[in-house]
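Top to bottom, those sequences are chains L and E.
The letter at position 156 of the first sequence is residue 156 when you use the numbering used here, and the numbering goes up by one with no holes.
The letter at position 83 of the second sequence is residue 83 when you use the numbering used here, and the numbering goes up by one with no holes.
Any given hint could be a false lead.
Simulated restraints on C-beta separations [claimed, not checked]:
#, chain 1, residue 1, chain 2, residue 2, range
1, E, L41, L, P68, 41 to 51 Å
2, E, L41, L, K231, 11 to 21 Å
3, E, Y141, L, N52, 55 to 65 Å
4, E, E132, L, Q43, 18 to 28 Å
Take a look, some chain E residues computed to stay more than 12 Å from chain L by CB distance [stated by the list, open to error]:
#, residue
5, R90
6, K109
7, E133
8, R138
9, V173
10, D175
11, A184
No lab work stands behind these hints, which were simulated from the structure alone.
A virtual CB, placed ideally from N, CA and C, is assigned to each residue, including glycine.
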Amino acid sequence: MKYRLLLIIIGFTFSSCFKLDDNFFNSDNSIDEYKLDAYNGEQDFVLDNSFNISNNYINIFTLNSLAPSETSPTNIYALYIGDLNTINTDTVIMYCHGNKWHMDFYWQRAKLLAHTGGKNNYGVLMIDYRGYGLSDGKSSEASLYADIDAGLQWLKGKGLTNDRLIMYGFSMGTGPATQLTANPRSLTPSKLILEAPYASIEVMVQDASVLNLPGSFVTSLEIENAEEIKKVNQPLMWVHGTNDLFLNIETHGQVVYNNYNGIYKEAHKIQGADHGEIQIYMGYSNYLSKLNSFIKL
Amino acid sequence: MQKNQKTVDFHLGGPLIGFAGKTIPMPLTSLNYAQGITDKLTGFGSIHTTSLLFGVLQTDIGACYGLYYSDSLRIGLSVTPALNIATDLRENNFKVWPQLDVNLYWELKPQLSFIYVGIDNWFEFSGVKAHEETQENRWLYSPQIGFRYVRKKWNYNIESKYLVPYLNNTPNVVDYKGINGKGAIGIYLTLTRKF
């Protein structure tokens, strides 16, 4: 009996493989195709027809994503809104979407971004992380960075240069957006926009437990936006709802903003807006105007 | 517990949370061993089995002391100081939280069942959180009420705790179920085998 109990304890201890990491990635890969405007699932907002994009400016394609530690690439899906032939002269927003489902859920947001400064004034690239939508594989912290960088490699191949790259992250997407601005790989973004960023996984854990609980007690993820932002020198625009019930504006966004020590920063605290409501509370026109002013700095 | 009496407890329960569209108690489990040191003092130690599954070795070590008991009223008062110690086996981060439970109990039937009300206190040593932010909540208290049904070999215990009822439960990545946006209601079951 004693030996059996000992074996159980040892088994528990060394099999301790359970982590809540997968809960961070709220992906849905059950779809057969991207529906975009025809998507009728839950969305935070739906734009009217005046925001429609002509079909020849909507490009869906695949990319090979390879993290530094990997030997074989993973096939992921990407969506580019704009003219593929003018990327070598256009300014492009790399949109890093949040942790929910797939690109159909974020299509309205990407489409809205494609109206910054006028319809198709800037190109917009969005990718589905591994395990999201039609992308193969399974997401991890390292793969988030690799997948966004795969998009940047593609843009670079099309002629995009550092000075015309704007990095935009929303929610979970603020992780790769901040990481790849602080530690550039294929391209160095010229500006960084963070919508509803989180400070770190550890802050999520501490908010949830109220105690000063180490993040490693719950997850092996780190994603330290509040630390990585210290390395960012490019101009920063921070947008966060004051009523964000998911990522606390004080414990997450404000900490990231405070830790930024670069050349320029601006904050937009949107009164009453919840996590996915920034655009609605700001008003589309006002939102686009603020973005464009920042991009044109 | 009486002197030299031994028990093994299995605990299950936690704060109510919204999960996949339903409200469920967080399924936290632990195993506890207790032994009567004197008729008034019981020592105990536990292992948090759910934490262990996540690679965290967590234990409570403490003692329960009967401060007062009225034979005529069958009412007693107990205090339970303990240390909650946790370390993760991957990065070796280490934490200790002192705890103090104070309970007033009333024996409904002598040696058969009792109800209790009390307050559970946790203390956070660290004044600094992640990214050098100030840890504002250093003393966390939670009122509780419970019922214990005592049998010859087994005890059955159900307890409800209102965790930190003075703190807002939003914004938060966990959907805690409290009252008027405050704290979280917890439900805990304990099965005790006596030896």
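Going through the hints against the structure:
Distance hint check: the CB atoms of L41/E and P68/L are about 58 Å apart, inconsistent with the given range 41 to 51 Å. A C-beta distance of roughly 55 Å is found between L41/E and K231/L, which places it outside the suggested range of 11 to 21 Å. The beta-carbon spacing between Y141/E and N52/L, approximately 56 Å, falls within the hinted interval of 55 to 65 Å. For the hinted restraint 18 to 28 Å between E132/E and Q43/L, the CB-CB distance of approximately 38 Å leaves it violated.
Consistency note on R90/E: stated as away from chain L, yet its beta-carbon is not over 12 Å from all of that chain's, at 6 Å minimum. The Cβ of K109/E sits about 35 Å from the closest Cβ of chain L, beyond the 12 Å cut-off, so the non-interface label holds. Not every C-beta of chain L lies more than 12 Å from that of E133/E, the closest at about 6 Å, which undercuts listing it as non-interface. Here R138/E does not stay apart from chain L, with its beta-carbon only about 9 Å from theirs, under the 12 Å limit.
Listed as outside the interface, V173/E is inconsistent with that label: its C-beta sits roughly 5 Å from the nearest C-beta of chain L, within the 12 Å cut-off. Its beta-carbon lying about 9 Å from the closest one in chain L, D175/E breaks the requirement of being farther than 12 Å from that chain. Remark: the non-interface label on A184/E conflicts with the geometry, its nearest Cβ contact in chain L lying 10 Å away (cut-off 12 Å).
Violated hints for the displayed structure, listed by number in ascending order: 1, 2, 4, 5, 7, 8, 9, 10, 11.
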